[in-house]
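Colleague: Below, each chain spelled out in residue letters.
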Amino acid sequence: MRYGLIAIMFLLSLILPGTVFHFWSWAGIKPDLLMLLTIYIAMHHRLSSSVFWGLGAGLLKDFFLGRHIGMYTLTLAVVALLSYWLAERWYRENFVLTTFMVFLVTAVGQIMIAFLSLGAGLKWPLLDIGRLVIGISFYNAVLVPITYPLIHRSFVRGWLRYKPRYER
Amino acid sequence: MRKRVNVTGIAVLIFFLLLGVLISIRLTGLDTNFPNPVGGFLQSALSPLEKPILQFGNEIRDNTKVIWDFHTVQLQNEALLKKVDQLTGDNIILKEQVLAGMRFTKLDQGQFRNPTLNKYEKIGASVISRNPTTWYRTLTLNRGSKDGIQANDPVIGAMGLIGKVVFVSPTTSEVLLILDGEGQVSALVRGSAGNGTFGIVQGTYKRGSRLTPEGNLQMLFRREDNVNAGDLVLTAGIGGVYPKDIPIGKVMEIKLDPTGLLKTAIIDPLVNFDTLEEAYIVKMEGK
Chain F
20 MRYGLIAIMF
30 LLSLILPGTV
40 FHFWSWAGIK
50 PDLLMLLTIY
60 IAMHHRLSSS
70 VFWGLGAGLL
80 KDFFLGRHIG
90 MYTLTLAVVA
100 LLSYWLAERW
110 YRENFVLTTF
120 MVFLVTAVGQ
130 IMIAFLSLGA
140 GLKWPLLDIG
150 RLVIGISFYN
160 AVLVPITYPL
170 IHRSFVRGWL
180 RYKPRYER
Chain V
65 MRKRVNVTGI
75 AVLIFFLLLG
85 VLISIRLTGL
95 DTNFPNPVGG
105 FLQSALSPLE
115 KPILQFGNEI
125 RDNTKVIWDF
135 HTVQLQNEAL
145 LKKVDQLTGD
155 NIILKEQVLA
165 GMRFTKLDQG
175 QFRNPTLNKY
185 EKIGASVISR
195 NPTTWYRTLT
205 LNRGSKDGIQ
215 ANDPVIGAMG
225 LIGKVVFVSP
235 TTSEVLLILD
245 GEGQVSALVR
255 GSAGNGTFGI
265 VQGTYKRGSR
275 LTPEGNLQML
285 FRREDNVNAG
295 DLVLTAGIGG
305 VYPKDIPIGK
315 VMEIKLDPTG
325 LLKTAIIDPL
335 VNFDTLEEAY
345 IVKMEGK
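Chains as they are written, first to last, in the working numbering: chain F, 20 to 187; chain V, 65 to 351.
It is possible that part of the hints are untrue.
[As the list claims (entries may be wrong)] Derived contacts from chain V toward chain F, CB cut-off under 8 Å, selection only: (1) Leu86; (2) Arg90; (3) Gly93; (4) Val102; (5) Leu113; (6) Ile117; (7) Leu118; (8) Gly121; (9) Arg125.
[Said to hold, decoys possible] Computed list of chain V residues with no C-beta within reach of chain F, every gap over 12 Å: (10) Ile156; (11) Ser209; (12) Asn216; (13) Glu238; (14) Arg254; (15) Arg286; (16) Met316; (17) Asn336.
Rather than coming from a laboratory, the hints here were simulated on the basis of the structure.
Owing to the predicted nature of the structure, the values given are computational and were not obtained by experimental measurement.
The beta-carbon is built from N, C-alpha and C at its ideal position, and this holds for glycine as well.
Just chain V, with the same shape it has in the complex (with noise of 0.2 Å):
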């Protein structure tokens, strides 16, 4: 004989089970006090078991980070770099600015002055680069026809004339120094009384000796001139190309012709062609 089941009894007493556990669930809710022994033994119990794990799964964690965040702290790593390197060109960017300015500021004070110089206007410019092969003494500057620049213009530094503008592109000029021979200056000396003597400055690096390393500065007069070491040598202004009165250089030594006729004044130029970064070049437009 099949045992009969009791559906509705069953019935009866899920419900009172559903209803228990539902009375329960909400009496021990998270805003109620609801004491918990044996919750709080099975805490305690278990907490020095948990607390190592934990610890140990940090330290696993802190440890490996490096292997778990691989792509992102390459990626990091990588646009750091990135920054590093576009913030050292902006370091070196404006350490040259700040630098370039100091320069210009002291060419602007100027070591020199004088009344027909301040008559033109004047650009500053950079040199950008020199002349690559030997047989020219010149270099380039930052500014060209699209700022007015022209050939012929001359070029000076803080200490006086260093040369003219030879060839002028849109954004650069080349300058042919005074040490080059093919560039020529009328210039006077003035002696220690203030008297002037009138000659052409010349430069001693020749296109046809071009062995010398160094170029000079050389000046030829007559063996009465009175002219002597250590007097200054401007621009006389004759000839068109520069001004008057800008300083080239100091007579170094006198050397006598061997005719007797003539006399060499040597000229230490006043401007360090070497060192040259910066220069103004005088715009002789409509003057």
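Okay, chain F solo, but in the shape it has when bound (with noise of 0.2 Å):
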């Protein structure tokens, strides 16, 4: 069950931002819903998870855009990398902490993704860097008193539930 949901999330990760936010985009800007649910992913795993986790999703979606394979993959790697380490030392049932913590990670995600959109050859200027990490940060954001609520107690209580093998 956890892994179906887990798997029906990604799947949704890759087609509500082309579609459902294609009618909610702001100036063009829409959410990074698959880095959003790796950020959440890897505030309830443990390290090794996370990263393995991050690792999958990136590639899921690399593929799924079919172009730059390998970026999506380090990208989230990294973000599921950073979130871990965030979460081990903040409060993660801290809705307005968590909030902080997603706009932070997923400029860290998107700027990441610049600077490897830019060793790929595209030629953006900052200045539309700049809008799109910001704009896309603070979707993320937005979103997460709205989903992070309920995904925290699937992943704490509910059908999402981690159960490793060993302890924290």
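Could you use the hints to bring the two separately framed chains together as a complex?
Modeller: Written out as structure tokens, the structure is:
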């Protein structure tokens, strides 16, 4: 059930930005749902699992997009790592802190995508990059109060509950 | 014993991992034909889901567009209504101007022409109001002293005499109609043989007998004067107010005075005063 739900959420994270959020975009800016989901997963898993989920999610997105294979794999792995690291230090029950964390981690992830894109030969003006990074981070942060309480409860007590072999 | 961490090994691993990822990103760029069976499978598997969601979203957006764009639509609606009002007003003004132009053309072509009238300068004017009281038969034209109009200037229409200016403001002038008993016109009746009989045309709309709603014209003659129904009544040009030979009306009926000395000719005016909209004011200044 847990893996099935995560798979469905992964697929929805791939589908929704191009469909539903096409209508809810702000000046062309849509949220990065897969990055948001990766952050949530990393916050509720151990380090190795977090990075594994990040790599998997990134690879899925890379294949789904069909270009720059490795860009999202690397980015989401780093995002998962950073999220895990921050969640270890910040109280994850605090939704305000989580919102800020999502903004921060998304910004790091988007900056990484931007730099990797520049490395891949894309020529984006810095102003556009800044606008996109801030916009996507803000949008992801806005979604936290709506999505996080449910996801967190599910990860702690519900169907998504993670049962590690060894207690932290 | 604490487990030793091979930092160099990890660093080398990360370096090659990064290098591999960067090479992969470079090799699978936008302009490369990278075979992507996993992506193709994902796309084909998810597209049946994506399509209805997008369609559904489109339908919601189209059907609720008026709600999201309500303020814009409202502003547009207000602007359009103002525009419609303005255009309607412009259209009415244009139509009025066209109709007035047609009437002036008709007026200018003239149902009557006489050499006396051609000597004078004429100014076209529109009727802007009629006397709101029942005391006088007057109307107001949109020309005044700024246009050189003076009191006692005659006013003519397409068919004949209308009256004279009795009051002038800078932009308007009040015209006393010949129907009103206060205005009298020296006239002559020209019979079928061409001979003329002089007299005074007087309106029947009098200050003392205002019960008759419509004014009319009448003219007194001696019993032996040769005046018959159908004869044309023209201005005589005596008195200095009206130029000569402006048509006034036609003799409609002759009534004999009970004393047997006089007869009264009831004159049907040529001008339809009720539908009058345009007129010419004849400037008598210096003539």
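Colleague: Which earlier hints turn out false for this structure, listed by number in ascending order?
Modeller: Violated: none.
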